[in-house]
Amino acid sequence: METKGVVFEKNIKALTVSNPELATSILTINRQDDLQVLTSKTGIPSLRAGHITLHSIYEPIKEAEKWVEYHRERIERASALVVLGFGLGYHIMELCKLELFKVTEMDLVVFEPRLDILRTALEAVDLTSILSRVRLVTGDETPPVAKGFEILEHKPSVTLSRGYFERLLPRLKVLQTVKKGLKIMVVSPIYGGSLPIARYCASALRNLGHEVDFVDNSPYKDAFLSINSITSNKTHQDQLRALFTTFVSETIMARCAEVKPDLVFALAQAPLSDGCLKRFKDYKIPTAFWFVEDFRLMDYWQRVAPFYDYFFTIQRGKFFDKLKEIGVRNFSYLPMAASLDVHERLDLTREELDTYGSDISFVGAGYYNRRNFLKGLLDFDLKIWGTEWDMNSPLRKCIQRSGERVETEETVKIFNATKVNINLHSSTYHEGVNPYGDFVNPRTFEIAACEGFQLVDHRSEMAELFRIGEEMVCFEDLNDMRHKIKYYLDNPEERYKIARQGRERVVNDHTYKHRMEEMLYSMVKRGYEPPPWRAEREDEDVERLIEEAGKDTELGRYLARFIEKERISISDVVQDIGEGKGDLTETEKIFLLIKEFRGQYAPGKT
Amino acid sequence: MGIDDAKKEIELVNAMKKGICEAVGIVREVGKGLMGCAHLLRVEQTERVFTALSEGIKDLSHLIDFIKELKSGMEHLKGSNVSMEPLLCWDRSLNVFEEMLSAFERKDWITLSDLIQYELHPLLIEGEKGLSDLKERFQEA
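Quick note, the sequences are listed as chains A and B, same order. Every letter in the first sequence is one number past the one before it in our numbering, and letter 566, counting from 1, is 983. Every letter in the second sequence is one number past the one before it in our numbering, and letter 50, counting from 1, is 77.
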């Protein structure tokens, strides 16, 4: 039999591979006085903490087998498991013996707040077979878990660390609800760069299984922009714009009352008035806002940020300081991304390659720094696509279609057809590269998603998003860029390799699906609670009703006929009864009775 | 012993035999119920488990009262040479009872389950066998 020291050494070695931080923490921890290792009647260790015995003193393994058996149905229907409490790990070892865990990658997260218990377990039991299979969590943070996870409790551990688990469990339940799918109202701006982003987000949320109500405010664009032509008086223009926003806000509120969302998610420039945002708060409707703009250029964040429950930004550092200064606490960094449904690799025809292709190209509006900077590339085969370019400048010969607007579909073709895509973040006052540029623009992700090769100006956040030189190539100034253009035009294989790796990185980490998952997860961590009307909806959830009634009961069997519907109301049931034939069953009579009661005492409800 | 005493003794023996017969069945049911509670207590501490546990313990307490009555009745049987030995295990169950109470008070459900499953339940089986033996001895006597 191996000694305690040998077992611990083996375990800690295995843990160091899977979770080095935890292994280090365990090495520094001492066992508290209340822990007592006992020898069970079968000779293997058991553990008592204070007055609570964590495993049977007689047959701990048999007990663990029974624990698994008890939870079997839930284990089998789960896509991932969260276990509350590790103890000496017998129940976890039994879980890992299941075929399900041997043949699948099923995620298994185990929460154990007491490091000294983990240390005792590592000293007492050979856990080497499971340590790589389990994600051990000891802190307060809820880690991301796959959709459809089940929570299993090791009851004595939960009793022992009651305070910790009482805090954790509600968060896990909310995470379960969020993963199951929320009803999210996505509010778009009227126009501008964040409009397509709103669409990408809505699509990503749908792909994640959420029910999305997309409030498309783009039809108001012409009316909104026409305000400028109504009067040249700035004050009057502002008044009209405010009234217009109030009107659109009211339409959104009306929609919200009908849709009853679990979350209102607005993108930068969404036309939501202060009054409307206050009402969301009054009705306890959670709100989130993604400020996909440069906080130094757009300052309306100061007005709106305090109204939102969750505020997401593409910049950190100073922006976070400023948000704190105005009392905003619920902010998180959420960088831009790409939509793989839109930005993709294309096999272009010869004709398309001729139209959209060139050695180097630039797609975007003619901001000051771009107009100035691109003049230094006139000796290359350069094509410039986009609006707001000076047609009287030397760049004129490179500007395509006289500076007409280019649709997204075409930009994808340009990214695919160009040998070297130039991506220069906009600036209204720098001559070229903004030396203090921090956030990474959507274009970076979009070109990469198309597997296009790009040279992008240096940004302080870039290195965290892409491996520079392997997945992305940055330039510091015009000379550096010119040198790199020549190099990569001469070395196509390197170009292809970097572009391929850049795309892989986007696919793995930087899609809107990733961002939306991250956003919702961040909200859960920050205490997201569904609005009161969610509970009313859940009362009508068919699966839940069947589960509560019991599958094999008369009521459960009756309700099973509605399984195709996500939700049912008394009216649905009564209508179904009305369409049926023969004598009424007892269940049907009860529903009819309820309908009668409702009609008399709560006429508004169905 | 007078005729009246003999008559009373016969009545007492018959009552004891009838009581033992009923108790045997009850012990089995109580044992089964408590074992179910022991298994469940390890994995859930819900109202249904505690209700079942409290009912099981109440039944057990009635059984122990009956055993006490039985013992006292046997002491009254002057002419009988039926031994009380088969009932001794019931005394041991009282000690387990005390430990169970202590585990209950400190909410140590695993120990409580262990006590029911590995200490009390074997005693109940032994107790059931003892009662059956006693019934036979009465019949032989």
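For the record, the hints were derived by calculation from the structure and aren't laboratory data. If you're wondering where the values come from, they're calculated on a predicted model, not measured in any experiment. Heads up, a few of these hints could be off.
Said to hold, decoys possible - Chain A is faced by these chain B residues, among others (derived, beta-carbon under 10 Å): (1) Val70; (2) Glu71; (3) Ala130; (4) Tyr145; (5) Phe165; (6) Glu167.
Glycine residues also receive a C-beta, built at the ideal position from the N, C-alpha and C atoms.
Evaluated hints:
Satisfaction of the interface hint for Val70(B) is found here, the shortest Cβ-Cβ separation to chain A being roughly 5 Å, below the 10 Å cut-off. Taking 10 Å as the C-beta contact cut-off toward chain A, the hint placing Glu71(B) at the interface holds, the least distance being around 7 Å. For Ala130(B), the interface hint holds, the least distance from its beta-carbon to any beta-carbon of chain A being 8 Å, beneath 10 Å. Taken as an interface hint, Tyr145(B) checks out: its beta carbon lies about 5 Å from the nearest beta carbon of chain A, inside 10 Å.
The closest approach between the C-beta of Phe165(B) and any C-beta of chain A is roughly 36 Å, which is over the 10 Å cut-off, so the hint fails. Evaluation of the Glu167(B) hint against chain A yields a violated restraint, the C-beta minimum of about 38 Å exceeding 10 Å.
When held up to the earlier numbered hints, the structure conflicts with 5, 6 and fits the remainder.
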